[in-house]
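Here the protein sequences line up with chains F and Z, keeping their order. First residue of the first sequence: 74, per the numbering used here; consecutive thereafter. First residue of the second sequence: 61, per the numbering used here; consecutive thereafter.
Just so you know, the hints here were simulated from the structure itself, not pulled from any lab data. A couple of the hints might just be wrong.
As the list claims (entries may be wrong) - Dumping the calculated SDA-like pairs for lysine to any residue here, alpha-carbon to alpha-carbon at most 25 Å:
1) F:333 to Z:187
2) F:329 to Z:139
3) F:329 to Z:170
4) Z:176 to F:190
5) Z:126 to F:280
6) F:333 to Z:153
7) F:329 to Z:92
8) F:333 to Z:78
9) Z:154 to F:112
10) F:333 to Z:162
11) Z:174 to F:280
12) F:329 to Z:187
13) Z:176 to F:280
14) F:333 to Z:73
15) Z:154 to F:169
16) F:333 to Z:175
17) Z:176 to F:197
18) F:333 to Z:151
19) F:333 to Z:101
20) Z:126 to F:271
21) Z:83 to F:271
22) Z:126 to F:107
23) Z:174 to F:187
24) Z:126 to F:329
25) Z:176 to F:107
26) Z:174 to F:112
27) F:329 to Z:112
28) F:329 to Z:152
29) Z:174 to F:190
30) F:329 to Z:117
31) Z:83 to F:186
Said to hold, decoys possible - Covered by chain F, per the in silico footprint, the following chain Z stretches (three or more residues, Cβ under 8 Å):
32) 83-95
33) 124-133
34) 146-156
35) 179-190
Said to hold, decoys possible - Residues from chain Z that keep clear of chain F, each with C-beta distances beyond 12 Å, as calculated:
36) 62
37) 63
38) 70
39) 74
40) 77
All C-beta atoms, glycine included, are put in the ideal place defined by N, C-alpha and C.
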Amino acid sequence: MKQRRRDLDKELEFIRAGRTAECGEIALSQNLPAERILELAYKTDLRHFVQKGSELARELRVARVMTQTPNTFLNFPVSSVLSPRKAGIEVEKVLTLSEWMLTRYRDKSDILDAIFDLFEQARLNSSLRDDVRMVADEFLCNVLFNATQRDGLNDRALEESVRDSESLKDPAVLRAGAFEGNFVLACVDPYGTLNPKYFLERMYRCVQVGASGAMNLADRGTAGIGGFMIFNACTSLYMSVKKGERSAVCALFPLKSGAKARSLQPKNIHWTHL
Amino acid sequence: MDENSDLEHFEVAQETHVEIDLKGMTSVNSSGLRKWLTWAHAIEGVRLVTIENCPANFLHMAAVLKGMLPKHFDVRSVTLPYFCETCENTTHQKLEIKKRKAPSTVAPSLPCQKCKSNAELDIDPAVFFRFLEN
């Protein structure tokens, strides 16, 4: 399955993510389609795919925060994504528009309503509102139904998964932030069961075989539909996991564009697994 | 449309024609989509399922994820979004789909419902109408 490096050289450039070789590399590309980025993320060992464009410098800095100071990303995801040079507790507070705690299933609809209200009150882009709400829904479903299961795999039937009484042993946090034309949604859970490679594989398979095909193949765990919906809606997807301790997943959206302009933006993927 | 959508209780398997109006459907998540897919394929005996007022967010997914609209599903009308760059509001407009074919012309703009500036069509027709091919 692994693609050979010389084949990749035709469409990717490589730069180091840190001072040492252990930090890995960042793959740079120009206008690669979303499906190709997803395929490369799944089929190679590379963990950072950054497309050239107006967000290049920020995306490279985020990759460096994720590899060089992973705890900063796990603790302060909003500032790590929006202002990676200044990521930390102070900037996290300044850039966070709202924060919600998820402790049980019933919190989900309240949080989704609050996101709707946030967009109304702050008079934010109404075209973005529905995408952000959908991504938040997927993030919260992943925490409720997958993160709490062994290895993050949920082999329960949907009907069994959805219980009003479903509570988390430890709460998860969802944050929304905005800065310099970007909006970020960050979800942090205290389980650390997310497997980014598995998540990418399911998403890629979902694109390849379609939604119903992916469902038929998903004998256990997710079919990848939710992951693909997240990736399709945002311009950058970031996943960082400290196994058994914490997972942080973020989705970035340009704040001012309509849905058509957003869909034309090149996509970036970053993941780390400690 | 989410994990609480009660689709399996629509007992329509004995019908020959079912009409669905999706007006008012504001969001869809993957659990809802799974329920939709299961239901859509469970009623394969129904000769024709027509859908009115299908929202753009649902069709965006149908364009890229094959299988969401089986062959016996016929989308008769869609709700197109128009984005106003002046006030960042989205105005929606219904469009009829005839004979399962992408319309030859779609209005590229209309007046914004909120500020009356020019709101532009917020989909790429070449991509959006792919749901008619799946």
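Outcome of the hint check:
A hinted pair counts as satisfied when its Cα atoms are at most 25 Å apart, and residue 333 (chain F) with residue 187 (chain Z) qualifies at roughly 10 Å. Taking the CA atoms of residue 329 (chain F) and residue 139 (chain Z), the gap is near 22 Å; set against the 25 Å cutoff, the hint holds. Restraint check for residue 329 (chain F) and residue 170 (chain Z): the C-alpha separation of about 19 Å stays at or below 25 Å, so the hint holds. Distance restraint check for residue 176 (chain Z) and residue 190 (chain F): the Cα-Cα separation of roughly 24 Å lies within the 25 Å cut-off, and the hinted pair is therefore satisfied.
Our distance criterion of 25 Å between C-alpha atoms is met by residue 126 (chain Z) and residue 280 (chain F), whose separation comes to about 8 Å. For the proposed pair residue 333 (chain F) and residue 153 (chain Z), the alpha carbon gap of about 16 Å is at most 25 Å, so the pair holds. Note on residue 329 (chain F) and residue 92 (chain Z): the hinted pairing is violated, with a Cα-Cα distance of about 29 Å set against a maximum of 25 Å. The suggested pairing of residue 333 (chain F) with residue 78 (chain Z) is violated, with an alpha-carbon distance near 32 Å, which exceeds 25 Å.
A threshold of 25 Å between alpha carbons decides the hint, and for residue 154 (chain Z) with residue 112 (chain F) the separation of about 36 Å lies outside it, so the pair is violated. Proximity of residue 333 (chain F) to residue 162 (chain Z) is assessed by CA-CA distance (about 18 Å); at most 25 Å being required, the pair is judged to hold. Between the alpha carbons of residue 174 (chain Z) and residue 280 (chain F) the distance comes to roughly 37 Å, so the proposed pair goes past 25 Å and is violated. A hinted pair counts as satisfied when its Cα atoms are at most 25 Å apart, and residue 329 (chain F) with residue 187 (chain Z) qualifies at roughly 22 Å.
With a C-alpha separation of about 39 Å, the suggested pairing of residue 176 (chain Z) with residue 280 (chain F) is violated against the 25 Å cut-off. Restraint check for residue 333 (chain F) and residue 73 (chain Z): not satisfied, since their Cα atoms lie roughly 38 Å apart, outside the 25 Å limit. Taken as a hint, the residue 154 (chain Z) and residue 169 (chain F) pair is broken in the structure, with Cα atoms around 37 Å apart against an allowance of 25 Å. Between the alpha carbons of residue 333 (chain F) and residue 175 (chain Z) the distance comes to roughly 20 Å, so the proposed pair stays at or under 25 Å and holds.
Restraint check for residue 176 (chain Z) and residue 197 (chain F): satisfied, since their Cα atoms lie roughly 18 Å apart, inside the 25 Å limit. Between residue 333 (chain F) and residue 151 (chain Z), the direct Cα distance comes to roughly 14 Å. Compliance with the 25 Å bound is thereby established for this hinted pair. With a C-alpha separation of about 31 Å, the suggested pair residue 333 (chain F) and residue 101 (chain Z) falls outside the 25 Å cut-off, and the hint is violated. In summary, the hint linking residue 126 (chain Z) to residue 271 (chain F) is supported, as the alpha carbons are separated by about 21 Å, within the 25 Å threshold.
For a cut-off of 25 Å, the pair hint linking residue 83 (chain Z) to residue 271 (chain F) is broken: about 36 Å separates their Cα positions. Our distance criterion of 25 Å between C-alpha atoms is met by residue 126 (chain Z) and residue 107 (chain F), whose separation comes to about 17 Å. A C-alpha spacing of about 23 Å is found between residue 174 (chain Z) and residue 187 (chain F), which places the hinted pair at or below 25 Å, so the restraint holds. Our distance criterion of 25 Å between C-alpha atoms is broken by residue 126 (chain Z) and residue 329 (chain F), whose separation comes to about 30 Å.
Pair hint residue 176 (chain Z) plus residue 107 (chain F) does not hold up; C-alpha atoms about 35 Å apart against a cutoff of 25 Å. Annotation: proposed proximity of residue 174 (chain Z) to residue 112 (chain F) is violated, straight-line Cα distance about 42 Å (limit 25 Å). For a cut-off of 25 Å, the pair hint linking residue 329 (chain F) to residue 112 (chain Z) is broken: about 30 Å separates their Cα positions. Using a Cα cut-off of 25 Å, the hinted pair residue 329 (chain F) and residue 152 (chain Z) holds, with the two alpha carbons roughly 19 Å apart.
A C-alpha spacing of about 18 Å is found between residue 174 (chain Z) and residue 190 (chain F), which places the hinted pair at or below 25 Å, so the restraint holds. Between the alpha carbons of residue 329 (chain F) and residue 117 (chain Z) the distance comes to roughly 18 Å, so the proposed pair stays at or under 25 Å and holds. Taking the CA atoms of residue 83 (chain Z) and residue 186 (chain F), the gap is about 20 Å. The hint holds against a cut of 25 Å. For the segment 83-95 of chain Z, the stated coverage by chain F is satisfied: 9 residues place a CB nearer than 8 Å to a CB of that chain, which reaches the threshold of 3.
Counting residues of the segment 124-133 of chain Z whose CB falls under 8 Å from any CB of chain F gives 5; the rule of at least 3 is met. Check on the segment 146-156 of chain Z: 3 of its residues sit with their Cβ under 8 Å from a Cβ of chain F, so the three-residue criterion for coverage holds. For the segment 179-190 of chain Z, the stated coverage by chain F holds: 6 residues have a C-beta nearer than 8 Å to a C-beta of that chain, and at least 3 were required. With a least CB separation of 7 Å from chain F, residue 62 (chain Z) falls inside the 12 Å interface cut-off, contrary to its annotation.
For residue 63 (chain Z), the non-interface assignment is contradicted: its Cβ lies about 5 Å from the closest Cβ of chain F, within the 12 Å cut-off. No Cβ of chain F approaches the Cβ of residue 70 (chain Z) within 12 Å, the least distance being about 16 Å, so the stated non-interface status holds. Residue-level check passed: residue 74 (chain Z) sits 23 Å from the nearest beta carbon of chain F, beyond 12 Å. Its beta-carbon lying about 23 Å from the closest one in chain F, residue 77 (chain Z) satisfies the requirement of being farther than 12 Å from that chain.
Checked against the numbered hints given earlier, the structure breaks hints 7, 8, 9, 11, 13, 14, 15, 19, 21, 24, 25, 26, 27, 36, 37 and satisfies all the rest.
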